[in-house]
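*Asks:* Based on the hints, put chain B in the right spot on chain A.
First to last, the sequence lines map onto chains A and B.
All residue numbers for the first sequence refer to our numbering, where the first residue is 1 and numbers rise by one.
All residue numbers for the second sequence refer to our numbering, where the first residue is 1001 and numbers rise by one.
Just so you know, the hints here were simulated from the structure itself, not pulled from any lab data.
Note that beta-carbon positions come from the ideal geometry of N, C-alpha and C, so glycine has one too.
Selected chain B positions facing chain A (Cβ under 10 Å, derived; list incomplete):
| # | residue |
| --- | --- |
| 1 | R1003 |
| 2 | E1040 |
| 3 | E1087 |
| 4 | S1103 |
| 5 | G1105 |
| 6 | R1108 |
| 7 | P1127 |
| 8 | W1130 |
| 9 | V1139 |
| 10 | Y1140 |
| 11 | T1142 |
| 12 | Q1146 |
| 13 | I1220 |
| 14 | I1254 |
| 15 | D1256 |
Quick list of the computed label-pair ranges, beta carbon to beta carbon:
| # | chain 1 | residue 1 | chain 2 | residue 2 | range |
| --- | --- | --- | --- | --- | --- |
| 16 | B | H1364 | A | A454 | 36 to 46 Å |
| 17 | A | G117 | B | H1153 | 52 to 62 Å |
| 18 | A | E306 | B | E1155 | 26 to 36 Å |
| 19 | B | T1158 | A | T302 | 39 to 49 Å |
| 20 | B | R1227 | A | D428 | 14 to 24 Å |
| 21 | A | T302 | B | R1225 | 36 to 46 Å |
| 22 | A | E128 | B | T1262 | 21 to 31 Å |
| 23 | A | G63 | B | T1158 | 56 to 66 Å |
| 24 | B | R1329 | A | A421 | 48 to 58 Å |
| 25 | B | A1334 | A | R297 | 15 to 25 Å |
| 26 | A | Q212 | B | D1221 | 18 to 28 Å |
| 27 | B | T1158 | A | S120 | 50 to 60 Å |
| 28 | B | A1270 | A | G117 | 48 to 58 Å |
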Amino acid sequence: VNAQADIRDVVVVGAGIVGSAIARALAGTDLTVTLVEGRDDVGDGTSKANTALLHTGFDATPGTLESRLVARGYHLLGEYAEQVGIPVERTGALLVAWTDEERDALPTLKDKAERNGYHSCEIVTAEEVYRRVPELGPGALAGLTVPGEAIICTWTTNLALATEAVRRGAKLRRGAQVTDVVVRRDHTTVVTTRGDVNGRWVINAAGLGADQLDARFGHRRFTVTPRRGELLVFDKLTRPMVPCIVLAVPSSRGKGVLVSPTIYGNVMVGPTSENLTDRTATGTSEEGFEFLRAKGRALMPTLFDEEITATYAGLRAATEYDDYLIDVDLAQRYVLVGGIRSTGLTSGMAVAEHLLELLADAGLELSPRSDLPPAPRMPNLGEATMRPYQDAQRISEDAEYGRIVCFCERVTAGEIRDAFASTIPPSDLDGLRRRTRVMNGRCQGFYCGAHTTALLEAGTRATR
Amino acid sequence: MTRDVERVAVAIIGGGPSGLTAASALAPLVDGRVLVLEREAETGGIPRHSDHLGYGIRDLKRFISGPAYARRLTDTALGAGALLETEAMVTGWDGERAMEVTSPGGRRVVEADAVVLATGARERPRPARWIPGDRPDGVYTTGQLQNMVHVHHSEVGTRAVVVGAELVSWSAVMTLREAGCATVAMVSGYPRAEAYAAFRIPGRTLLRGPVLTRTRLVGIDGRRRVRSVVVEDVDTGARRTIECDTVITTGDWIPDHELARTAGLAMDSATRGPLVDASLRTSRPGVFAVGNLLHPVDTADGAALDGRHVAPKVRAWLDGDPTGSPGIRVRVRAPFRWVTPQMITPDGGAAPRGDLLFWLDEYHRAPRLRAVQDGRTIGRKRTLWPAAPGRIYRAPWSLVSAADPAGGDVTIELVV
Chain A
1 VNAQADIRDV VVVGAGIVGS AIARALAGTD LTVTLVEGRD DVGDGTSKAN TALLHTGFDA
61 TPGTLESRLV ARGYHLLGEY AEQVGIPVER TGALLVAWTD EERDALPTLK DKAERNGYHS
121 CEIVTAEEVY RRVPELGPGA LAGLTVPGEA IICTWTTNLA LATEAVRRGA KLRRGAQVTD
181 VVVRRDHTTV VTTRGDVNGR WVINAAGLGA DQLDARFGHR RFTVTPRRGE LLVFDKLTRP
241 MVPCIVLAVP SSRGKGVLVS PTIYGNVMVG PTSENLTDRT ATGTSEEGFE FLRAKGRALM
301 PTLFDEEITA TYAGLRAATE YDDYLIDVDL AQRYVLVGGI RSTGLTSGMA VAEHLLELLA
361 DAGLELSPRS DLPPAPRMPN LGEATMRPYQ DAQRISEDAE YGRIVCFCER VTAGEIRDAF
421 ASTIPPSDLD GLRRRTRVMN GRCQGFYCGA HTTALLEAGT RATR
Chain B
1001 MTRDVERVAV AIIGGGPSGL TAASALAPLV DGRVLVLERE AETGGIPRHS DHLGYGIRDL
1061 KRFISGPAYA RRLTDTALGA GALLETEAMV TGWDGERAME VTSPGGRRVV EADAVVLATG
1121 ARERPRPARW IPGDRPDGVY TTGQLQNMVH VHHSEVGTRA VVVGAELVSW SAVMTLREAG
1181 CATVAMVSGY PRAEAYAAFR IPGRTLLRGP VLTRTRLVGI DGRRRVRSVV VEDVDTGARR
1241 TIECDTVITT GDWIPDHELA RTAGLAMDSA TRGPLVDASL RTSRPGVFAV GNLLHPVDTA
1301 DGAALDGRHV APKVRAWLDG DPTGSPGIRV RVRAPFRWVT PQMITPDGGA APRGDLLFWL
1361 DEYHRAPRLR AVQDGRTIGR KRTLWPAAPG RIYRAPWSLV SAADPAGGDV TIELVV
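For reference, chain B alone in the conformation it holds in the complex:
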């Protein structure tokens, strides 16, 4: 059989908030075709099955539900002239910027002048969290739960234990409530529950049981269906059993990085996404990355703004802008786990929204940061907002803008 090859100007892999926003911004900027390849049956990504308000705040200046947000992003991309292909999965690479694609329409190769990876992130499921015990039905990630409840309208149980107490965990509590399932406990290894107040207040009123902080799940019992779980106090080692028929493992995000990995892109072992500079360029010329593939996990609007940011950078590449030098690394010290963008290049410009994004393991009310290069402090910042586990912490890119792209690596640390 002859090989079916299609040529496009830009291929965007993933039709979630970041991919769709990139498509909307790129279609008017680019002469050739801008194609979004989405493996699900509908575009919109995770917000499609997050049926509660809170979407679109920073990118659309609106306060709408996940499904409404997903529809709006889809409509905008179509209106801008982007091509959206659903049930089309990129299964591998066939060259620097050529991809193998499977869809009901056939198996083909898509060759693009520029590629934008927008493959998003997913929650680590139970095995990846090393939770031992029986393997009964009733153990889901938030993603599966919300898909079950909002898209497929299937039954959940009646008593749930939610693992995690971060933003997405409260979203799970709300979905459980809607499915008629009470949340009897939330379990978090952190010393306090974390979420935005707007989320926490309705969440709290729905929660039927305690938030067990400094606690971890150490066992699941039940042959066909979950019967109970065992939790352990991290400090004392004390254990107790909680009866429940459902366990939701929330958060603990990992980028869907398979294509980034199989492309051989330079990766960040901490985010587990590709390394990018402030222009969201990966280590492969003409291949860009946006959204929660880079920062697991920011809110949908934050991911979407990456898409807007990348559009002129892609346009510049298509116009023949030479790729910059590899640049220097930005690194972090504990309690920070990671930072992104991780590369500073001479022509990289400033990061999306002018922010460095961080993940960390401790709560700090008004953190003071310092950036050091070659033993010299190149920037200091203090933010008025807190840094907390379980969600993105932002600090101004200007912290590192004085770095010498020809110098050594930059290290960002907390000043205590």
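If we strip away everything but chain A, and leave its shape as in the complex, we get:
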């Protein structure tokens, strides 16, 4: 065995949105790439539980790397979404001022948006606010429109990027937690719970674990603070009440609580913002519920006459710095891509593009391959466009698309079958849920839970 053959050009640690986008971009060159993920699935960490907004970057801090990459990523991901079928709804956003102080802040925000290169914001009256969102609770004083803000499917984004990376030849190793790194003269050994992976370069896109991996390379430059955000998801019957994303005026405490439609046809209220120490604490809390109930009721009281479909919590990788931390350590052939907080969904592809420029500067040969496979076409999880159960043509060609397994979300046996036959099949129920929406609806498994579990067992047996 030629030991050199086992050395990859690049090992990317972390298969969230950022890591997957990087692996995809690198796999588009002649470099050999391995994508290492500690969890059992791609996109199973911070990337799965965010507010799923495609941001214009209007409210970023001007002049930062984040500002630049979010603005760039907005266009890159917007185009990519169209190409591969990631659902996007361009609903626009309305930032609502509820106090005099917030109203007075609107011109500053508009100015900030301009400095971020976003020129479409407009300040509107309270009357216009209520015309756009009639169900809004009383007391709105004015608003700022951000017509470019959109909702997007974060799960499909992550899966599309990882799928294309794999189809381009990247090796994906899931369930491989990095326990150590050994930097050698011409390559680095990444020690994982599923064996060693050798790479000339290592990219740290480990999200919540980025500071720990960074420390393995001898750096002590930042700390990740898991910031928990709890979210409420309301029944689909509420969707007409929320025609666009309703944002709060940001404060020092963060971006505040938003009310937003979801790409799956629900309404979401959240997130909370709470700094924790436990990087795995994705449970919801009584305090979080209480906070969201109070805030949400003020924003839209009628929403709370309706049913809650789901509650969940996600962790954002906050750091002590106000910008992304992207840094090349040439001596160790190591790149940190850290502190990519909640805007990473939008910026991920731009982060990858930026990273490739940095690597080119570092002397890597990054010529694009001429023999790239076609981009994947992702199953549609969005409510705005036709889903398989509505598609007469498709059902007549394949009856499995007419066999609805999950009644609440209208997920068919055909889609579940396809998920297991896909490039990156699900390994557990949550993975299947993220690929199909199965069991994500109002009954949470009352009707289809047992059937879905049986299909999952059969599917995972077959793909093992």
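*Replies:* Same frame as chain A, now just chain B:
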């Protein structure tokens, strides 16, 4: 692609006890086709996976198991000449009485002269009950549990906490027992456990732990699988941890009302089902509603009897009976949560079984009721049976039969 349209006389949405019974009664009464659209692979509804005795008492005068009951209702409907289509889901409306249907056979529109909504009810799952904590495997509704155990024969855990202490909760205890899972505690916000004696006695002998009354579940712990739950005494605020690997959220029923809502029917904010009169007519002409969509949740036989009741009313509509006036509302005061039928119309007749159905939050041994219209008492009744939380309470329709359909709303209250 051309639109595939099918015309039927009556479309019944939902093939559970109420829908099947309606189909059995309607098929002989109607010239055209009576089509039941059932989204599951088999008709029969919830009794299919409730594998214990106690079904068919009031409608079939029998005492049989859920699956046997489901089979019998199915056979009777087929024998009566109704068409039963399974794996056929109504996903939306395409007109007043036209529905979009998806099935393995294709996507089509079913246009009916009359529609009977029989979509049933489901238990509120954990998120809708605002139970915080981790989100591990092992948290199920009774519906999912019984489907897992009786239909798919899957494994459950070994130590369960059951949330709720009403009729369906004891059914969950029995299913858990059958799956080899001990129930280590039942948790109820009410001051006493509720169920019929016939159910309670075998249930009690199976229960390994206490019934914690005036208690609520405030947390679930466990990353992959449930490890424990935290319960709180509602009166003292005292909390304790119970080790378990399974949590069953039982009861707390909500109608499956999506189609009623998307049709734009007038709804009852308390039952969360459509408003109906004693003929089970909704606010849309030619659209009827039966079963637990109206009263979450009555026993299966009670739901089935709605189906029998609605058949001649549907026939009358098909014969061209003009729809009645919108009628007046029947309302309730606390401790009642809701009443159904909620509308009194001049030609509505008497309610199914001659009963008003109620849900309430307190136990009353032999309640006395009063109905008031425009400040005048129009009816008084005392029942010999108790009214209890967690199950339907019945009182005679004659309590409100003296109401003036042209007058003001009728309010029913408890006389204490």
